[in-house]
Amino acid sequence: MSDAHIHDLVDHFFRHQSAKLAAVLTRVFGLQNLELVEDVVQSALVEALEVWKIRGVPENPAAWMYRVARNKALDVIRRQQVADRFGPEWVLWRETTSGPAQIDRLFLANEIADSQLRMIFACCHPQLPEESQISLALKTLCGFSTAEIARALLTTETNAKKRVARAKRKFLDKEVEFEVPAGDALKARLDSVHSVLYLLFNEGYSSLHPDELIRRDLCAEAMRLCLFLFNHPASRNPETPALLALMLLHAARFDARLDESSNILLLEEQDRTRWNREIIAQGVYYLNESASGSRVSRYHLEAAIAAEHSLAPTFPGTNWRAILTLYDDLIRIYPSPIHELNRAIALAQIAGSDAGITAIRGIRDLDSLDDYHLLHATLGEFHRRAGRLDEARRCFLRSMECTVSLSEQRLLERKLHNCDALAESMRGE
Amino acid sequence: MNDFMFLFRGGRTEAPASPEAMQTQMQKWRAWMQKLREQGKYISGEPLESGGKVLRSPNKVITDGPFAEGKEVVGGFFLVRAETLEQATDMAKECPIFETGGSVEVRKVQVMNP
Numbered sequence: 106m107s108d109a110h111i112h113d114l115v116d117h118f119f120r121h122q123s124a125k126l127a128a129v130l131t132r133v134f135g136l137q138n139l140e141l142v143e144d145v146v147q148s149a150l151v152e153a154l155e156v157w158k159i160r161g162v163p164e165n166p167a168a169w170m171y172r173v174a175r176n177k178a179l180d181v182i183r184r185q186q187v188a189d190r191f192g193p194e195w196v197l198w199r200e201t202t203s204g205p206a207q208i209d210r211l212f213l214a215n216e217i218a219d220s221q222l223r224m225i226f227a228c229c230h231p232q233l234p235e236e237s238q239i240s241l242a243l244k245t246l247c248g249f250s251t252a253e254i255a256r257a258l259l260t261t262e263t264n265a266k267k268r269v270a271r272a273k274r275k276f277l278d279k280e281v282e283f284e285v286p287a288g289d290a291l292k293a294r295l296d297s298v299h300s301v302l303y304l305l306f307n308e309g310y311s312s313l314h315p316d317e318l319i320r321r322d323l324c325a326e327a328m329r330l331c332l333f334l335f336n337h338p339a340s341r342n343p344e345t346p347a348l349l350a351l352m353l354l355h356a357a358r359f360d361a362r363l364d365e366s367s368n369i370l371l372l373e374e375q376d377r378t379r380w381n382r383e384i385i386a387q388g389v390y391y392l393n394e395s396a397s398g399s400r401v402s403r404y405h406l407e408a409a410i411a412a413e414h415s416l417a418p419t420f421p422g423t424n425w426r427a428i429l430t431l432y433d434d435l436i437r438i439y440p441s442p443i444h445e446l447n448r449a450i451a452l453a454q455i456a457g458s459d460a461g462i463t464a465i466r467g468i469r470d471l472d473s474l475d476d477y478h479l480l481h482a483t484l485g486e487f488h489r490r491a492g493r494l495d496e497a498r499r500c501f502l503r504s505m506e507c508t509v510s511l512s513e514q515r516l517l518e519r520k521l522h523n524c525d526a527l528a529e530s531m532r533g534e
Numbered sequence: 002m003n004d005f006m007f008l009f010r011g012g013r014t015e016a017p018a019s020p021e022a023m024q025t026q027m028q029k030w031r032a033w034m035q036k037l038r039e040q041g042k043y044i045s046g047e048p049l050e051s052g053g054k055v056l057r058s059p060n061k062v063i064t065d066g067p068f069a070e071g072k073e074v075v076g077g078f079f080l081v082r083a084e085t086l087e088q089a090t091d092m093a094k095e096c097p098i099f100e101t102g103g104s105v106e107v108r109k110v111q112v113m114n115p
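Order-wise, the sequence lines are chains A and B. Residue numbering for the first sequence follows this note's numbering, beginning at 106 and increasing consecutively. Residue numbering for the second sequence follows this note's numbering, beginning at 2 and increasing consecutively.
Quick caveat, the hints were computed from the structure, so don't treat them as lab data. Some hints here could point you the wrong way.
[Said to hold, decoys possible] List time: in silico DSS-like cross-link candidates among lysine-lysine, alpha-carbon distance up to 27 Å:
#, chain 1, residue 1, chain 2, residue 2
1, B, Lys109, A, Lys177
2, A, Lys177, B, Lys54
3, B, Lys61, B, Lys29
4, B, Lys94, B, Lys42
5, B, Lys109, B, Lys29
Nothing here was measured: the structure is a model prediction, and the numbers come from that model.
Extracted from the complex, chain B is given alone in its bound form (with noise of 0.2 Å):
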């Protein structure tokens, strides 16, 4: 088993949403969330805060960020555990992201002594 983690980027709601529909989206999520816990392949996950600094060399400037697009901004993260990145994949194809067009990159947590 390996370690890899999604990066959800976008799809926040956007106001003004409907109590029921945020809802909705809060249930899929939930079963989502769910069914990995009870496959154990999910492992943590967190929620970022949209604003941040960001620091630049060489003199580390600090600005206030991330710079990119609302729908690229990073709102958060899974741990989750997979054998393949084929099979991470398909596993972050279920994630109810998509319907408010956000997305999900898959990436590979590197392993110290392979």
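So here's chain A without its partners, still in its complex pose (with noise of 0.2 Å):
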């Protein structure tokens, strides 16, 4: 194994060829088939392990795996086929059974790229149940094992498991198609993908996940399967660009969220020349891509606002007019308490913290964030900035009762202290 084909073995090389076959051969052997096809990967997965660590890393290690997993297709066509024989099930199979040269032509790049775009509007099909779209895709899209999926999600691996299955069900019971949409079918079906790699994003992004790794993990793929779909001219509409846009410049500021101790740093608090410029120059790029077309989507307000905050020089030095009215604008095609709450957050710091209460308290459904620490948290930041201190400290304290996660806590502690501290030196004058 030379230095030059040292690099054919990328990060998480082993991930993403599994889930690459495991969409070639769902060509092959149907959704339905599903647990069959991901016994096949995984055998083809070993095999290539077992053979590399002792003769080394071929010079394409993506043509080797695919031949494997071609020849072990193609050994469970021919097993099966002598069990027609015998059995009842041979319709089905010689529905879905193909010969060599079909499988091998599925197994040309462009024909690559074609299944792994129908896995993806299979895994993102609106007939799934919402709770399993996201342990599906980890694990068929992204090549996660159940194991991994419960640690990213922060679930046990019996749950991840059962939201697996429960997919799987609609595969079995043959709801979900195996077809990228033609058509008006397209864009709705284009709007379930990309709500699904948004979630998937925020798990990563917005989780207060203590594996920081894990995290980084469910960002990239995100990322990733959002650029695999901007990249394939099917599935590109002006809203691919924007949800990669919105996600590159979240992304950008990933590492300047944290101090050394793992402690929340506030967006008024960070170091901005720890916020990554040139993916914060990618996310301006697909912005601009994203800038076709008739059509404003929430992603496209939503990146517009995270370019506002990524480019501004400094917090006061933050266009807050500017990004006001995207929220005004986000607010009239995507109502949401929680947009409604970030935009009293920039009405604050035009207007003043009071008049940033008066909007928190017109929140329509502002019930709907009782449980919501961050509710709370703004509301006590409001009234210590007007100088009430006393009920700014009775809204951390119960912002504190609505998060469990422990750097939030530690946040709070830190708000609460400050208040204090206010008092003290009040009461000193």
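Hints in hand, dock the two standalone chains.
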């Protein structure tokens, strides 16, 4: 193995190959046989590992793995054809199996990409139970094991398994087709793909997962799939680059959000030199790419807000008016109490904290945020700025009741402590 | 310098293994092989398929084999270069196979003209 192809075995090579192989082999065996597909993929991966660890990684590891997978698939078909002579299921198999030449064709680069796209649409199908979608995406599109899914989503392995199984039952019942939707259906189906990818990203970005590496992994996977969508002509619409821009503009600031002791740093406290300028530039690039067509989506607006923050030289130097307008637009097309809360924060930067509080009180469906720790933390902050320290304390304490995250707790303790110190100094005067 | 053979027994990946765990294992083998190569100690290596045939005397009876238990089956070998058996054994100590429950047998290749 020479240095030249040392890079062939990039990070997560096995993971991503397993996802690719699963997509290709599902073309052969059908979605209803996803379990069988996974077994074939698994045995191809094991064979690659067992041979490579002793002989070294071949020149083109991906092509090598495709060959192994192809042969294993043909073995299954041959075995099954023998069984067919005796078993009653042969009709089903005759329909789903194809000859070696057809299988070879599926391993051409454009066909692999097409299979991957079909798999993305299948895994993000609106027919699937919502809580299964991310688990299934991680398993089938990203090559995670159920143990890894459980770790990533902070749940038990049994739970993760159940979620995946529930989705697979829909495949078994043939409620989901393995096709790239066309025409009018495409738009609606892309919407659900986008929203699953957005959820996946948020799972990594805003979850308060103790394991930083896993969270980065989730964000990276969401961005990888989004970039894949963008690069595939069949799935490219202006919302795809908008979503990608949104992810990049957040990911660029990933490192700056925590200090060395994993304490949360607020936007105004973050060291902006730690923001990744290269990723911000990429985000801006895709945001520009998204500026076509007539429909402005929530991703466009959220990405534009993220861009305002990312490009602001300092916290006070942020263009809060632009952000406020963007939130107004966002709430108009995608009403959400959380967006209204964020709008109130922007408004308070312009019109003062009392205006912020009034805006919060006016949030439609405010009750739904009652257990949302950031609502109370924001109110606390507004009261503190207005000098109502007792009120602020009450809000911060309420906020602490609403979050189990240690870093959030520490941040709130810090805020409480500030309140106390402020009260102390006021008494001193 | 003398030639030695490392016989790898067992330690094969049991399905289902996560792709990420497989990749981690692969990286460790790569790193180990790379190190031996850089030191000029690695000569060659071949993996062996698990099934085969065994012929036995006196009538060369052919059976499917090998019959050893999974953990005893030779899965492959390295040919390496070292001064002494002790040195070769030390090299084998760093083999990642131990993490997956396998073993390494270190044997000196017999020299024709000592």
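### Query
Can you list which hints this structure breaks, lowest number first?
1 and 3
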